[in-house]
Amino acid sequence: MTAATIIFALVFYAATALCVGGLAWRIADYARTPAPLKIPTTPAPTTTGGVVLRMFREVALFESLFKSSLWTWLFGWMFHVALALVIARHLRYFTEPVWFWVTWIQPFGLYAGFALVAGLGGLWARRFLVDRVRYISTPSDHLMLVLLIAIGISGLAMKFLSHTDIVAVKAFFLGLMVFDWQPLPSHPGLYVHLALVALLIAIFPYSKLLHAPGIFFSPTRNQADNPREVRHLSAWAAALEKVKP
Amino acid sequence: MATAEVIAPPLKEYPVIPILQAGSMASSKPYVANAQMQQALGFPGELVEGWQEKAVFRLGELLKNYRSLKVYLDSCVHCGACSDKCHYFLGTGDPKNMPVARQDLLRKVYRRYFTWSGKLFPRLVGAEDLTKEVLEDWNTYFNQCSECRRCSVFCPYGIDTAEITMAAKEIMDSIGMGQKYSNEIIAKVHKIGNNLGLPGPALLDTLQSIEEDLKEETGQDVRLPLNEKGAEVLVVVPSADFFAEPHVFSLIGYAKVFHAAGISWTISTHASEAGNFGLFIGNYGQMRSIAMRVRESALDLGVKRIVVGECGHAWRVAYSFWNTLIGPFDFLDPNHPVPQHICELTYDLIQRGAIRFDKSKNDQYVVTFHDSCNVARASRMGNMPGGQFEIPRAIIRAVANKFVEMDPDSIREKTFCCGGGGGLLTDELLDLRVKGALPRMEALKSVVDSDGVNFMATICAICKAQFSKVLPYYKFNMSMVGGVHQLVANAIQLGPK
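Note that the protein sequences, when read in sequence, are chains A and B.
For the first sequence, the numbering used here assigns the number 1 to the initial residue and increments by one for each residue that follows.
For the second sequence, the numbering used here assigns the number 1 to the initial residue and increments by one for each residue that follows.
Think of the hints as simulated: they come from the structure by calculation, not from any bench.
Since we're looking at a predicted model, the values are computed, not measured.
Be aware that a few hints might be false.
[Said to hold, decoys possible] Now the stretches of chain A that chain B is said to cover, found in silico as 3 or more residues with beta-carbon under 8 Å:
no., stretch
1, 8–14
2, 69–78
[As the list claims (entries may be wrong)] Distance condition first, Cα-Cα at most 30 Å in a straight line; then the derived DSSO-like pairs of lysine-lysine:
no., chain 1, residue 1, chain 2, residue 2
3, B, Lys-361, B, Lys-445
4, B, Lys-188, B, Lys-54
5, B, Lys-180, B, Lys-191
6, B, Lys-229, A, Lys-67
7, B, Lys-361, B, Lys-469
8, B, Lys-304, A, Lys-242
9, B, Lys-215, B, Lys-359
10, B, Lys-64, A, Lys-242
11, A, Lys-242, B, Lys-12
12, B, Lys-414, A, Lys-67
13, B, Lys-64, B, Lys-12
14, B, Lys-229, B, Lys-191
15, B, Lys-191, A, Lys-242
16, B, Lys-188, B, Lys-119
17, B, Lys-191, A, Lys-67
18, A, Lys-242, B, Lys-475
19, B, Lys-469, B, Lys-12
20, B, Lys-229, A, Lys-242
21, B, Lys-361, B, Lys-402
22, B, Lys-414, B, Lys-29
Just so it is clear, CB atoms sit at the ideal spot from N, CA and C, and this is done for glycine as well.
Isolated chain A, as found in the complex:
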């Protein structure tokens, strides 16, 4: 058991705990906080089914962003779809036997790695080239892109430049999940990749990555437009009715 194995095992446990705990706390907080008024951005669907469809278009196709800016949509959508494919491809390192659709997706996931980095590059370029986006960018906005690009490039490097012992890596992660630690191969590229991924997982609930759960709780998108038909009343608003003016 190398020191690196022990360190990475502990780091991944900590990162996962921070991520799951933080997300659960954040999502519970969103769910608990009342939305006292009906504020869907209209025209809006009038039924729950319609809202589900609107939310699907928003999450899967980035409908509003498409209306707003084609370049941002192009790079942003490319990055997110590529990320989804890359994560799906990585599932083979966490499952045994590997699910059939994960096997099927492997070649797409490979090309998606390039699309991911290209999309991120486009998004980052906007932060320098468009004066409005440059104005609103904070250091963390830049660093988040640097982090994701570095994860992408270090991953691609292991595939195309300097292979690691991927069978051992898989054994390490399968072992982690059942608290049966297996040695992690010694490979600088792998260390960089895994450290950055752990960092990304850890900061997810404490950064702007909260946009992922946030969209589902956005009242302008998740409310049905039916205020005349159904009386909407939050708990604290209902309490006001008991007080005589």
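Using the hints, position chain B against chain A.
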């Protein structure tokens, strides 16, 4: 403070996104409400001792009560999708008028006091202490947002800057830094019943003189009843409809529609205001108590239906919030929507063939339609999503022969605010209002040049007042703007069939 110089930007052939001009609108601030106005609404009279802690405390309370605020302060990724969507940014180039930058004025304080990252690494995530400078920025730039929600259409997470602006205004009110124009108006509603402070006798006098004019014009007894018990419909209109031009022409239109359809109706002194500035200052309690006057009047007069006149934010509050604030409406006729927009009522009558028009009476006009922001993006008419766009247009087509649409990027859900909404319709902000009207003026100029448009119809009292004021700055005739029911009034046939 002398009124700042008012400069209208030149109208361009095509919309152009301006280059950033940092600080260009830093001197545009509203008058601060004085102690008397503040205290009338239960707010502190002046900036309180320890305002910093109290502001942060109030923000904490709002975060517990409004999911929108919490989710929107967390979710922004600074993608810039909204950055070129605000009419005030397009008209001024001031970067703090980009919706995202406006939100960040509050977000940076939220991050500093309510998030781990902002407490530990403020510089990294753009978190900042609530200083006097930040408070000044709030007063300046949250009073350059008309809460029109255009940015929320384009945000991939639906972040609505109006929610952020309302929260900021509520915080400022709670520490004694209210906005004079809005708070003064709210006090008038509580005291007299309408935003303009028009007392009952003056209202009666106005309505009677309109009746006399109508008798002369039409030869018929078209009535504008006040406080009439047992009327079928309570009509709640923006108080500007009682005496301002062009607003009053729409009031005449409503009266003629009710007369032609034979529906009894009444106006109420107690609820002689459809507008609800409680919305603009983001104060639920104020919004509720202003709206409550409508419920009280409806019960007192024993009406069966409530209809709302041509007013944008009023329709938002009525359509989206009344059921929540002052419902349930189980004492009203369930066969009609509650509340109903005057356009819905007129449209139904047209569909049923219950009213007739001579369209040629509007032949002197080439008409276009300006969608008002709160109607377009925060409400609905009829049964279908988008009815708020189709119904007013259907009425215009039924009463006029010549109708032309403006640039598709400037109408329907993408419509531009007139530049005077959100409690900004005040003289000290005139420069901002003129500049904020730029995108609408460019779209209007285009159809004026191509199709000879000479009438821009709209269904909002604020739009009408704002355009009447700013049209001349862009070399247009101020009487180019008017109501949809102004056109209805011109064309409706009142004689026997």
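The hints, checked one at a time:
1. Restraint check on the stretch 8–14 of chain A versus chain B: 0 residues with Cβ-Cβ distances below 8 Å, three needed, restraint violated.
2. Counting residues of the stretch 69–78 of chain A whose C-beta lies closer than 8 Å to any C-beta of chain B gives 3; at least three are required, and the coverage claim holds.
3. Under the criterion of a C-alpha separation no larger than 30 Å, the hint pairing Lys-361(B) with Lys-445(B) is consistent with the structure, at around 25 Å.
4. The suggested pairing of Lys-188(B) with Lys-54(B) holds, with an alpha-carbon distance near 28 Å, which does not exceed 30 Å.
5. The straight-line distance between the Cα atoms of Lys-180(B) and Lys-191(B) is roughly 16 Å, inside the 30 Å bound, and the hint therefore holds.
6. Taking the CA atoms of Lys-229(B) and Lys-67(A), the gap is near 50 Å; set against the 30 Å cutoff, the hint is violated.
7. For the hint linking Lys-361(B) to Lys-469(B), the alpha-carbon distance of about 27 Å falls within 30 Å, and the restraint holds.
8. Taking the CA atoms of Lys-304(B) and Lys-242(A), the gap is about 26 Å. The hint holds against a cut of 30 Å.
9. Our distance criterion of 30 Å between C-alpha atoms is met by Lys-215(B) and Lys-359(B), whose separation comes to about 22 Å.
10. For the suggested pair Lys-64(B) and Lys-242(A), the alpha carbons sit about 20 Å apart, so the restraint of at most 30 Å is met.
11. Proposed proximity of Lys-242(A) and Lys-12(B) is contradicted: the alpha carbons are some 56 Å apart, above 30 Å.
12. Annotation: proposed proximity of Lys-414(B) to Lys-67(A) holds, straight-line Cα distance about 10 Å (limit 30 Å).
13. The hinted pair formed by Lys-64(B) and Lys-12(B) fails the criterion: a straight-line CA distance of about 45 Å is larger than 30 Å.
14. Note on Lys-229(B) and Lys-191(B): the hinted pairing holds, with a Cα-Cα distance of about 22 Å set against a maximum of 30 Å.
15. A threshold of 30 Å between alpha carbons decides the hint, and for Lys-191(B) with Lys-242(A) the separation of about 24 Å falls inside it, so the pair holds.
16. Pair hint Lys-188(B) plus Lys-119(B) does not hold up; C-alpha atoms about 43 Å apart against a cutoff of 30 Å.
17. About 45 Å separates the Cα atoms of Lys-191(B) and Lys-67(A), which puts this hinted pair outside 30 Å; it is violated.
18. For the given pair, Lys-242(A) sits about 54 Å from Lys-475(B) by alpha-carbon distance, which is inconsistent with the 30 Å threshold.
19. For the hint pairing Lys-469(B) with Lys-12(B), the CA-to-CA distance comes to about 21 Å; that is within 30 Å, so the pair holds.
20. For the suggested pair Lys-229(B) and Lys-242(A), the alpha carbons sit about 29 Å apart, so the restraint of at most 30 Å is met.
21. For the proposed pair Lys-361(B) and Lys-402(B), the alpha carbon gap of about 11 Å is at most 30 Å, so the pair holds.
22. Between Lys-414(B) and Lys-29(B) the CA atoms are separated by roughly 27 Å; this keeps the pair inside 30 Å, and the hint holds.
Of the numbered hints stated above, those contradicted by the structure are hints 1, 6, 11, 13, 16, 17, 18, listed in ascending order.
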